[in-house]
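There are 2 protein chains.
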Amino acid sequence: MRTTPAGVSPIIPLDRASGVPLHKQIYDGYCSAILLGALRPGQQITSSRAFAAELRVSRFPVLNAYAQLLAEGYFESRTGAGTFVSASLPEQLMSVPRTATVPAGAPSGPRPVARRAFLVPSFSPSTTLPGWGAFGVHQPAFDQFPFPIWSSLVAKHSHSPQANAIHHVDPQGSLRFRQEIAAYLRTARGVKCDPGQIMVVSGSQQALDITARVLFDPGNRVWVEEPGYPLERSVLTAAGCELCPVPVDHEGMEVEAGMERYRKARAAFVTPSHQYPLGSTMSASRRLQLLNWAQSSGAWIIEDDYDSEYRFESQPVASLQGLDANSRVIYIGTFSKVLFASLRIGYIVIPPDLVDRFVALRFAMDIFPPYLYQEVLTDFMRMGHFGRHIRRMRRLYGERRNKLVNCLKEEFGNSIELHGAEAGMHLAITFPNGIRDREIVARAAQERLWLWALSPSYMSEKVREGFILGFGSTPTEQISRAVSRLRALVMA
Amino acid sequence: MRTTPAGVSPIIPLDRASGVPLHKQIYDGYCSAILLGALRPGQQITSSRAFAAELRVSRFPVLNAYAQLLAEGYFESRTGAGTFVSASLPEQLMSVPRTATVPAGAPSGPRPVARRAFLVPSFSPSTTLPGWGAFGVHQPAFDQFPFPIWSSLVAKHSHSPQANAIHHVDPQGSLRFRQEIAAYLRTARGVKCDPGQIMVVSGSQQALDITARVLFDPGNRVWVEEPGYPLERSVLTAAGCELCPVPVDHEGMEVEAGMERYRKARAAFVTPSHQYPLGSTMSASRRLQLLNWAQSSGAWIIEDDYDSEYRFESQPVASLQGLDANSRVIYIGTFSKVLFASLRIGYIVIPPDLVDRFVALRFAMDIFPPYLYQEVLTDFMRMGHFGRHIRRMRRLYGERRNKLVNCLKEEFGNSIELHGAEAGMHLAITFPNGIRDREIVARAAQERLWLWALSPSYMSEKVREGFILGFGSTPTEQISRAVSRLRALVMA
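First to last, the sequence lines map onto chains A and B. Position 366 of the first sequence, counted from 1, bears residue number 366 in our numbering, the numbering being contiguous throughout. Position 159 of the second sequence, counted from 1, bears residue number 159 in our numbering, the numbering being contiguous throughout.
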């Protein structure tokens, strides 16, 4: 194999019919590429040999032009590495006015954008995980993840060209992976499913987006939990849905309140295993009530089972989907909470008669999911690492939770109420006397306490103030100090 | 570290108040999990010790139940590996009627689905890459990809927990990666951009989906090329757009025809570097005409630059985006064609004033792109491997293209017309006398010739019949034989 040089070539249009010699045209082409910013200081230049071949000219004019560019300081050569645009260009070169072909700052003329594009709020970085620190919500114990095993599987699957040479494009994802997911969900979550009902997606957010686009037309009403998960609300409003907030109590969504206020709705969105953010588990009677409502009114239920793997005081509660005799539940899960979020892998369990529409839409949206991590996770599950990791984390998070609950009781006593500490990776505290939760969160972030304010989880004006506290990524021995600092902030 | 056992536990609700002994409840729980399919033959069972801990009971009732399940043949133990559900269960067990709690085949009651969900056609596997073989469209020379370099980068980035511990969730993708993409596009494609305008997406399909959702409301008209790319059409129809087919000739989209027929349109979708599927390069005068139309009528241009890396008879042509002085072009590119499709990485270059809406929508759709391959590609580009691979492939594809063109001329002479062989990884042939292209494609697939029919690329009734022939993945020495087989099929 001949070695091929590095570097990317600029576009230099040569005109052989013009009177201008080729070396001058090449010189001019590089000068303007550098002056206009198409080539930036420090960028590597294609070798003269390779560039001559690309231009279909002899090497002489290219060498000639390069020599001049080197002499004038546009280029610099580094021994053994090649030729580069000078890291520090002569000042007089860079003072050439650059406005001529740079895009205008204020574009002119009508620039219409979709009305529906304004249904979603602007992104602000602070609404997501801003960093690692005590109380990070949705953050697993990253340092406990079995990286040696994981990366050996990644290496195995990225070494083999066959593994990447996927030629059966499947919008539902790899069949082997879906078989593993189905077996896990049937056993551990009591989900009734076959691999044919499963679709691999980039996380619960994409699951919600696809679901909303298949099930809802603009103007459809959807019950959402109040308080609830803000990102779920933005995806539903992006789909044009009318959100109907239904209050939750210690038994989960108050189904009767929903039926009184919004009997006609196309669907209900629920987190029955561990309500987000208040953490209640939906009671058996509410589950039956919700399923009956859905069946009698022709509605769908979207069950987001985002952190059901961890329960500390009782055995796991089976999914709502497993109770449903009428295929009215769309079940959504994710690997982000058990493994790590930058995986971007989740799944949907789709009622059999809806599979065709989910697949059609997914194909139009982004064709099929990336391949590598599906293969890696298939092995990770088959070899038992997944079950083992969950079991270890259940023990660890149980410890952290106990510590957090005890510290909160010691520091705050009766001045707070505790919610949803029986399961998952977060709990919530509310302050019956009220506090300014958003302000405290902003101050806490400066001290690397990453608690989340509770009040933004409400749609209506009537909010409870408090905090959502993650304990997944906070080492047990740091919890006591973190709670003291939290108390100091609240009292300040 | 204590070792943690493998296996996933079923949900068995224990009732300590009932008269039924615990071991009998556990036994019954496993029996019904197996009979109802929650546990499948061959699946691993949690160890008695771990399961007792989860149930919060002593180990004796669990051991007792397991012994009975082993004795009756529900379980089998494999030395050193653990306990499993029997791979072959006794027949009388499996003949138990299973209908009771299995979901009903025909669900009852109203099951309303969104009207818009029916805007997209059903997925049929044959519309995508069905396998590897001569003429595969969109398939690169997979065996030429530098896998040793690639997988060493993958291993490097998946070994380090830090690398995965991304905590700044960025809906646009990693900044380092966007810097590399911007430098590449400025230099090689003449795109005017900064990293702040770039969004990393899962491929050109997701790029189109996001773009359509930001720019178009239902009922908006969009010019599309006729013939054109079917998947681009489905994403636009999914967004509720009215498609306006504008014919293409050897200079690309016939802008005047578009202006006559549909002067009021919200946007034009074009593939100016290498029109899909006919392969023409849009001429300079058409480019200016299109940009002028967009500016004067307040429309957008979506430029899909899907395989611009390869030109064989002339130098690269700069992007349409680079010519645009009014920020009216949304530029879309992908790594699928240069590297491999299962990567699922592409990008959008967004006009600065639209970045906020693109980011808001992407955050609502799927939050942020997966991390690993962004890091790997950043290194791959910085180290020059990317430029080098493109240069090698340009030489290789040039060879394959020459061979294909010569063989086609030899075998078919004047009975075909050849289109778009100057660039890219495919060309098209049409038969002036007409043929039944779809039928021939179906027969060809049985012989592992993966040509695509041309006629489905047309929206209207007035189609040209012929084939789209990929040459990226077809070894030069196999081309002659493949063309002979194609001729035999056409003549049959």
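Hints listed in this document are in silico derivations from the structure and should not be mistaken for laboratory results. All figures in this text were calculated on a predicted structure; none of them were measured in a lab. Using N, Cα and C, we set each Cβ at its ideal position, and we do this for glycine too. Incorrect hints may appear among the rest.
[Unchecked claim] Partial chain A-side listing against chain B, Cβ under 7 Å, derived:
1. PHE60
2. ALA117
3. SER174
4. VAL214
5. GLY219
6. ARG221
7. ALA360
8. LEU361
9. GLY420
10. ALA421
ask   = Against which earlier hints does the structure fall short, listed by number upward?
value = 1, 3, 5, 6, 9 and 10
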